[in-house]
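Undergrad: Chains W and V, in that order, give the protein sequences. Residue numbers for the first sequence follow the working numbering, so the first one is 1 and each next one is one higher. Residue numbers for the second sequence follow the working numbering, so the first one is 1001 and each next one is one higher.
These aren't lab readings, by the way, just hints derived from the structure by calculation. Be careful, since some hints might not be right.
[Said to hold, decoys possible] Cross-link-like lysine-lysine pairs, in silico, DSS-like; alpha carbons within 30 angstroms at most:
(1) Lys191(W) to Lys1098(V)
(2) Lys424(W) to Lys235(W)
(3) Lys1094(V) to Lys188(W)
(4) Lys189(W) to Lys1087(V)
(5) Lys210(W) to Lys137(W)
(6) Lys189(W) to Lys210(W)
(7) Lys1087(V) to Lys210(W)
(8) Lys191(W) to Lys1094(V)
(9) Lys188(W) to Lys1098(V)
(10) Lys1094(V) to Lys189(W)
(11) Lys1094(V) to Lys187(W)
(12) Lys235(W) to Lys432(W)
(13) Lys1037(V) to Lys1098(V)
(14) Lys1087(V) to Lys191(W)
(15) Lys188(W) to Lys1087(V)
(16) Lys1037(V) to Lys1094(V)
(17) Lys388(W) to Lys424(W)
(18) Lys137(W) to Lys1098(V)
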Amino acid sequence: MTEAVTRGEGEETGEASPLPPSESFVPEPQARASMERIFREEAGRVTATLIGMLGDFDLAEECVQDAFVVALQRWPSHGVPDNPGAWLTTAARRMAIDRLRRAGALESKKELLMPLGRFESGDGSDDATSIPDDRLKLMLTCCHPALAVEAQVALTLRTLGGLTTREIAGAFLVPEPTLAQRLVRAKKKIKDAGIPFRVPEDSVLPERLKAVLSILYLIFNEGYVATGGDELVRKELCAEAIRLGKMLALLMPDEPEALGLLALMLLQDSRRNARLDPGGELVLLEDQDRSAWDGAEIEEGLGLVERCRRRGRPGAYQIQAAIAAEHAGSPSGDATDWARIAALYDELLARHPSAVIELNRAVAVAMAEGPERGLQLVEVIAASGSLKGYHLLYATRADLLRRMGRRAEAGAAYREALGLSTNKAERRFMEKRLNEVATH
Amino acid sequence: MRYFLGIYGDETRWAQLSPEETEVEMNGYEAFDKEVKAAGAYVAGEALHPTSAATTIRLRDDDALTTDGPFAETKEQLGGFYTVDCKDLDEAAKWAAKIPGARTGSVEVRPVVEFE
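The following block holds chain W by itself, in its conformation from the complex (with noise of 0.2 angstroms):
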């Protein structure tokens, strides 16, 4: 561990370089990879760390860069610690210590500075353990409902995800410097409003929680509903959403919920190669090619499904999560029990009242008892004004028309639909249908 420390607490060096020029080394661009990734793993947890002990968002933040730059040429030469999180938290201390003695702001931050003292005392071995795991604070600070969505959705991506500010903005489309000004307005919220950087009591603790678990979902569907940008990054959200649904169902193996949207979204995710075609035209579930779903996504997700519905506490994301798994596990879209499916929609409905899960309990049923009978449904929802504008509940009576053979009507249908979409793949599909009954 101390090899960490490459300048004694007493040193004043006024310098900005952390190590003297003979001793910095350009790794090769492998091993720079493999490091970045480490890193990548590693900042969340580092971050939340330095921020638990200065109580300074940029602070903390410009400490674990720095220590990612002293890793970056130790590294290569003395290979990568043990315990590369607790070498890099100690790395980051060390900056901490010096950039605030050299602020002369070293006394007033000393005590929250100093317990970390204990870990790497002693025998000058690792011991994670004794490193507070803070990353459960900082996600509640970072998806606190005094932001803006959109901040909370920036600040996770970037102090927990280890994201750059160039990943969020091509994530999200926006220009770098916008993204850029979001988290500098959003740190300044939480520093000038006194935003805690605490877990709340239990009696706020559960509408945090949900806080973040819609954050954690909202990503999620930034990446899988492709609405535009770079595909890799898309996919790369998607992915990064289920690693923070991991640390959350990690840090909170309690939480129901938490486990029931991670099984959620990596059941949504097993299908992402099958979603689109070679042409990148949009696939139905039900004639995707099943063996293009992602088994070891699917079977991690059910198991979670299982381990929900033994806990007997069910909530929102389980039962869509339950919902996944009914067609995750069937073998195809005529074998799916879509009268369970249509149970489960159910049961959501009496939890959460909405008309968009009510169209989607609509669709099960026409696929369990025939499309009249889900047509009758779609025209009670249409009758009650609550989607007028939603392309999709005119896309679901196009196809039950379409499927009853009511081809004029499904026509109209469809044309109306494809109005209000704006979903590229989605108008393309549209298009077809509407090709397909015009001509028929």
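With chain W fixed as given, assemble chain V onto it according to the hints.
TA: Then chain V, alone, in the frame of chain W:
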């Protein structure tokens, strides 16, 4: 940190309350007052007369422009405030939620600038 809790609501609603309803509301505020003071979080607090009693002053080119009414005509008006001393926003938000006015209107939580 000190937080200003601005209590906004439709002041015409106040005027329309029956004496019994007014008493229920007042009891709510008395209870809140007692609780926030007992917890040691109370710094200050006042109820305000309706905006019909408001006068707005603007100084333009050294001339004081005095106009009748609040600074802006809005659906909800500032009807009173508390200043509380809290550890952080979560604590301040908890107090804000206990103010009776939060049920019928809204309470804005603003950190107070601490001049050194």
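Undergrad: Any of the earlier hints contradicted here, and which numbers?
TA: none
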